[in-house]
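A.B. asks: Take a look at the letters that make up each chain.
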Amino acid sequence: MISNLQRENLPSGMSLKRRDEIYGYLFIAPQMIGFLLFVLGPLIAVFVFSFQDRNLLLGQITFAGIDNYQAMFKDALFTKTLQNSLIFTAGLVPLNVLGGLFIALLLSGNLRGMIFFRAIFFLPVITSAAAWAIVWRFLLQSESGVNTFLQAVGIDGPNWLQEPNWAMVSVIVTRALKGVGINMIIFLAAIKNIPQDYQEAARVDGATGWQVFRRITMPLLAPAVFLVTVLTIIGALKVFDTIFLMTNGGPSNGTMVLVYYIYYQGFQFFETGYASALSVVLFLVMFILTLIQWQLRRRFVFDEQE
Amino acid sequence: MIKKLPLRFLALLFALSLMTGMTLGQDTINLRFTVWTGNEAHLAMLNGIAAAYQETNPNVTVTFVTIPFADYQTKLAIELSGSNPFDAGWMPESLAVPFLEAGTLLDLSSVTRDNPDYNFADLSEAAMSLYLRDDGVFGIPFSTSPELIYFNRDLFEAAGLETPDVLQENDAWTWDALRAAAKTIKDTTDVYGFQSHGQSIYNIHLWHNLAALTRAFGGDIWNAEGTDCLLDTAESRAAIQFYHDMVFVDGSTVPPGTEADFSAGSAAMTIGFLSQSARLGEVSFEWGIARLPEGPAGYVSVIGQSSIVAFQNSRNPEVAADFVAFITNQQNVETMAQFFPPIRASVLNSGAFANANPAVAPEALETSVVPSILNGSLLPTHVEFPKIDLAGRAAFDALWNPEGDVEAVTTAACEAIEAFMQ
Amino acid sequence: MNKNSLHSGSSARWQMPFISNRRLFALLKYFFLILVSIPFIFPFWWMFTTSLKPISDVFGQLTLLPETWLFSNYIEVFQFQPFALHYFNSVYIAVLVTVLTLIMSALAGYGFARIRFRGNSLFFVMLLTSLMMPIEVTIIPNFYLIQSLGWTDTHLPLIIPSVLGPQGIVATFMMRQFFLSFPDELEDAARIDGLGRFGILWRIALPLARPILGTVAILTFLGSWNSFLEPLIYLSNQNLFTIPLSLRSYTDSYGYPLWNIQLAATVLSVVPMLIVFIVAQRQIVNSFARSGLKG
Numbered sequence: 003m004i005s006n007l008q009r010e011n012l013p014s015g016m017s018l019k020r021r022d023e024i025y026g027y028l029f030i031a032p033q034m035i036g037f038l039l040f041v042l043g044p045l046i047a048v049f050v051f052s053f054q055d056r057n058l059l060l061g062q063i064t065f066a067g068i069d070n071y072q073a074m075f076k077d078a079l080f081t082k083t084l085q086n087s088l089i090f091t092a093g094l095v096p097l098n099v100l101g102g103l104f105i106a107l108l109l110s111g112n113l114r115g116m117i118f119f120r121a122i123f124f125l126p127v128i129t130s131a132a133a134w135a136i137v138w139r140f141l142l143q144s145e146s147g148v149n150t151f152l153q154a155v156g157i158d159g160p161n162w163l164q165e166p167n168w169a170m171v172s173v174i175v176t177r178a179l180k181g182v183g184i185n186m187i188i189f190l191a192a193i194k195n196i197p198q199d200y201q202e203a204a205r206v207d208g209a210t211g212w213q214v215f216r217r218i219t220m221p222l223l224a225p226a227v228f229l230v231t232v233l234t235i236i237g238a239l240k241v242f243d244t245i246f247l248m249t250n251g252g253p254s255n256g257t258m259v260l261v262y263y264i265y266y267q268g269f270q271f272f273e274t275g276y277a278s279a280l281s282v283v284l285f286l287v288m289f290i291l292t293l294i295q296w297q298l299r300r301r302f303v304f305d306e307q308e
Numbered sequence: 002m003i004k005k006l007p008l009r010f011l012a013l014l015f016a017l018s019l020m021t022g023m024t025l026g027q028d029t030i031n032l033r034f035t036v037w038t039g040n041e042a043h044l045a046m047l048n049g050i051a052a053a054y055q056e057t058n059p060n061v062t063v064t065f066v067t068i069p070f071a072d073y074q075t076k077l078a079i080e081l082s083g084s085n086p087f088d089a090g091w092m093p094e095s096l097a098v099p100f101l102e103a104g105t106l107l108d109l110s111s112v113t114r115d116n117p118d119y120n121f122a123d124l125s126e127a128a129m130s131l132y133l134r135d136d137g138v139f140g141i142p143f144s145t146s147p148e149l150i151y152f153n154r155d156l157f158e159a160a161g162l163e164t165p166d167v168l169q170e171n172d173a174w175t176w177d178a179l180r181a182a183a184k185t186i187k188d189t190t191d192v193y194g195f196q197s198h199g200q201s202i203y204n205i206h207l208w209h210n211l212a213a214l215t216r217a218f219g220g221d222i223w224n225a226e227g228t229d230c231l232l233d234t235a236e237s238r239a240a241i242q243f244y245h246d247m248v249f250v251d252g253s254t255v256p257p258g259t260e261a262d263f264s265a266g267s268a269a270m271t272i273g274f275l276s277q278s279a280r281l282g283e284v285s286f287e288w289g290i291a292r293l294p295e296g297p298a299g300y301v302s303v304i305g306q307s308s309i310v311a312f313q314n315s316r317n318p319e320v321a322a323d324f325v326a327f328i329t330n331q332q333n334v335e336t337m338a339q340f341f342p343p344i345r346a347s348v349l350n351s352g353a354f355a356n357a358n359p360a361v362a363p364e365a366l367e368t369s370v371v372p373s374i375l376n377g378s379l380l381p382t383h384v385e386f387p388k389i390d391l392a393g394r395a396a397f398d399a400l401w402n403p404e405g406d407v408e409a410v411t412t413a414a415c416e417a418i419e420a421f422m423q
Numbered sequence: 021m022n023k024n025s026l027h028s029g030s031s032a033r034w035q036m037p038f039i040s041n042r043r044l045f046a047l048l049k050y051f052f053l054i055l056v057s058i059p060f061i062f063p064f065w066w067m068f069t070t071s072l073k074p075i076s077d078v079f080g081q082l083t084l085l086p087e088t089w090l091f092s093n094y095i096e097v098f099q100f101q102p103f104a105l106h107y108f109n110s111v112y113i114a115v116l117v118t119v120l121t122l123i124m125s126a127l128a129g130y131g132f133a134r135i136r137f138r139g140n141s142l143f144f145v146m147l148l149t150s151l152m153m154p155i156e157v158t159i160i161p162n163f164y165l166i167q168s169l170g171w172t173d174t175h176l177p178l179i180i181p182s183v184l185g186p187q188g189i190v191a192t193f194m195m196r197q198f199f200l201s202f203p204d205e206l207e208d209a210a211r212i213d214g215l216g217r218f219g220i221l222w223r224i225a226l227p228l229a230r231p232i233l234g235t236v237a238i239l240t241f242l243g244s245w246n247s248f249l250e251p252l253i254y255l256s257n258q259n260l261f262t263i264p265l266s267l268r269s270y271t272d273s274y275g276y277p278l279w280n281i282q283l284a285a286t287v288l289s290v291v292p293m294l295i296v297f298i299v300a301q302r303q304i305v306n307s308f309a310r311s312g313l314k315g
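If you read the sequences in order, they're chains E, Y and V.
According to our numbering, numbering within the first sequence proceeds without interruption in unit steps and concludes at 308.
According to our numbering, numbering within the second sequence proceeds without interruption in unit steps and concludes at 423.
According to our numbering, numbering within the third sequence proceeds without interruption in unit steps and concludes at 315.
Do not take every clue at face value.
Straight-line C-alpha distance at most 25 Å; calculated DSS-like pairs for lysine-lysine [stated by the list, open to error]:
hint: 1; chain 1: Y; residue 1: Lys184; chain 2: E; residue 2: Lys82
hint: 2; chain 1: Y; residue 1: Lys388; chain 2: E; residue 2: Lys76
hint: 3; chain 1: V; residue 1: Lys49; chain 2: E; residue 2: Lys194
These stretches of chain V come out as covered by chain Y in the derived footprint (C-beta under 8 Å, 3 or more residues) [unchecked claim]:
hint: 4; stretch: 165-173
hint: 5; stretch: 209-221
Keep in mind that the hints were calculated from the coordinates and are not lab data.
For every residue, glycine included, the Cβ atom is placed at its ideal position computed from N, Cα and C.
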């Protein structure tokens, strides 16, 4: 590359390398300024705020030491919301990742009508999350909607959104239905990129369908699986709208997740200092999960670059 | 061409979006007045009052900003702490104390109590109780809406029952009578007999429901000083058990997790405020109103109260206070009485109020509404209401199933609530 | 369906011993797909039919078709609040965010991938650390920042932080990964032709980056279109609402939902997106497939 560069006409007084550097800085400048202003700055601020007693309504700001963190340990609702966030994530990730993979594999053959089905599974993705939640809130009533169907096949459906455990199941499944389409598309793309001859060659060598899947398809899909898993985990930990619109965090705070609790503390109770301390916890959870992901990735995904 | 177009388009949109955030010119004063109604008739009336104000104060314009009630608390705090705070607005009773204690409300005494033209003595003293603090006047209630029973005449007729207004006339309008009627209606017509407060009764309007019930039974939610939870008293428990039985034993009351709506004809009775009659203009059935039924403790009226306040952070506090005084003067209260039951005795007792609400028969107003306003007890309020609200509702969620244990739940609810009551 | 009619459509490609197996497998696939698609398709059917019912028919038992077809709900959608304006707000914000994100991330992604300058990898690692961080983590300080900038009750906090914040970083990351796999020879050839950096980016790199641009555009657009927490916090004035806030505001003044009108609005919010998707479905999937998006 360097040898090529030397052939170009140099502007007076400035080396080509130098000029290129300036372009480099110029190109990344908007992103880096934005990063400092809207990501790094606020991230530092959230740590600072978490050591303050802040109240939005009173406008007061005083140093509070580790009061907020101490309060957190005594706050049963905090423990519960953290748990709920993890349960939600643990429920959503397998549904969305394996579900997406399963649907993508079903759709990847050359059968007729696959485009039609692909569109159906993608429909909820382009529907706004608010619309999706509103509709499902109505469908998950105790005496109507989904339960009408269940009754028709002889199942007495639960009162979905009024019993804590079922409410959690409901919001997880609603969210999964909303998001599985995007994962399906990513998987379909990845499957399409697998060279057909690999599988053909394996078949010629006498491998069974399962063996082909296990030894050829799956390893080649591993990067996509990781990408989708990471995206789904982030999406699961930041879920807000679905829960806000379907259950308001209830019943008995059974669906109150950490992000919702941050919203509640910050913008309903106006305790923005405490809300910042909760945000720090959310950050740490993300951070730990990210580290784990990178470790796993190193172990399981071999093919980084083609 | 394609290369240039987007940029120009972007610049235009960018400029547009910037403009939306700007306020009007400097010479005129624009008051931002926040309300939670989006009702066209309400807004037309308010704009009419603002126009009248502008006639005498040509440099003042008033913009009414609608914030949905569910977000009112949040948006109010955000706007008040921001760079373009509201000047004045509506305030529900549940938020009055927290916002007053936080010092966000402006003292209006100079333009109201100390202004002889205002006729401050005309305001019902009981209704003013939330807003008289430290020798100041921090708000003027404009609507004291009693909780009333709305009933569907057609369904009562179909079930062959006497209607609540008739029962009330015969001194037989009790919670037991309501329960029996609800059960008969459900059994004969398969329509729910009762829905306490619309669809949100099991969550955001829980306290409305509990207030009406427990007080009729001689209990309450918490004491007047806001220091003790009273839900675990025998009276309150009896009331809550009564309601629980209506839902889960009789099956006559809309249960949690079922969407229904009185105005859709899917419940024969509901508790609502007077101003909700506006929504019943176009329903396909005949309806009527009665006061809340009597309980073991006799008749207790529960009122919801909304007030008009001016905000401390207003850029034009004098103008804001002056407008609040204007909108709550004798003449404008008369105007507003068509939707909002007033606290000015002169208006309440005059024919103006009786004739002002076209949806409700004048005699019903006289027998059910006016006495309810005069003797009403306020919905609960507390300086820590937002926190109590969340903690209490979460505890009550455990009650809303057939196995719900009233004793255990009320004990837990009181424990949760009292954590914020030192 | 009987067995014969199934066989009558068989093509010659399907050779003897496999026919029954393959067909059985295909049938099984269809069966599964139809079963699985019910919860995806049914809400739309229900949303549409209910939006045509009078409020008295909305409650109670589920019916597959409305007994009376009532279009007045759709008129009320616009009378109740300025829904058309909310629609415009959502569309222009999402388009603006998408276009700005594409510009910003193409520049930054290209810069990180193709230009050597001091601090390149340091800056990139800095960005990477916040790749996994959702905006919810910094919503409190961001709120104070937006407030001190005087941006509450404007659309700016829905636009600028979306472009430059975590969503923008994901876009930059995706662009960088794409540009990394770019052949050096193309760039060298362009330089010999006398193109500068901007020229290379505009004439050579971007045209080849269409698939990833498409993917970034779709994800960004959907992200902005779905955005709920930020508008909920930053917007008070009803005229500034976006669709998600608008949908939830179809309630009476006590917060009770007006179901039939709310659902009519929901249908209106969904239909145009459905049409765009059905028309552009192949391009959308292909752009994902060719974007090299695999982690």
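A.B. asks: Given the hinted pair lysine 49(V) and lysine 194(E), is their Cα-Cα distance within 25 Å?
C.D. replies: 19 Å, holds
A.B. asks: Go check the stretch 165-173 of chain V versus chain Y for me, would you? Three or more residues, Cβ under 8 Å, otherwise it fails.
C.D. replies: holds (count 6)
A.B. asks: Hinted pair, alpha-carbon criterion (25 Å max): lysine 388(Y), lysine 76(E). Please report holds or violated.
C.D. replies: Holds, at roughly 16 Å.
A.B. asks: Taking 8 Å as the C-beta cutoff, is the stated coverage of the stretch 209-221 of chain V by chain Y satisfied by three or more residues?
C.D. replies: The restraint on the stretch 209-221 of chain V is violated, since only 0 of its residues have a Cβ under 8 Å from chain Y and three are required.
A.B. asks: Does lysine 82(E) sit within 25 Å of lysine 184(Y), going by the straight-line distance between their CA atoms?
C.D. replies: 39 Å, violated
Checked against the numbered hints given earlier, the structure breaks hints 1 and 5 and satisfies all the rest.
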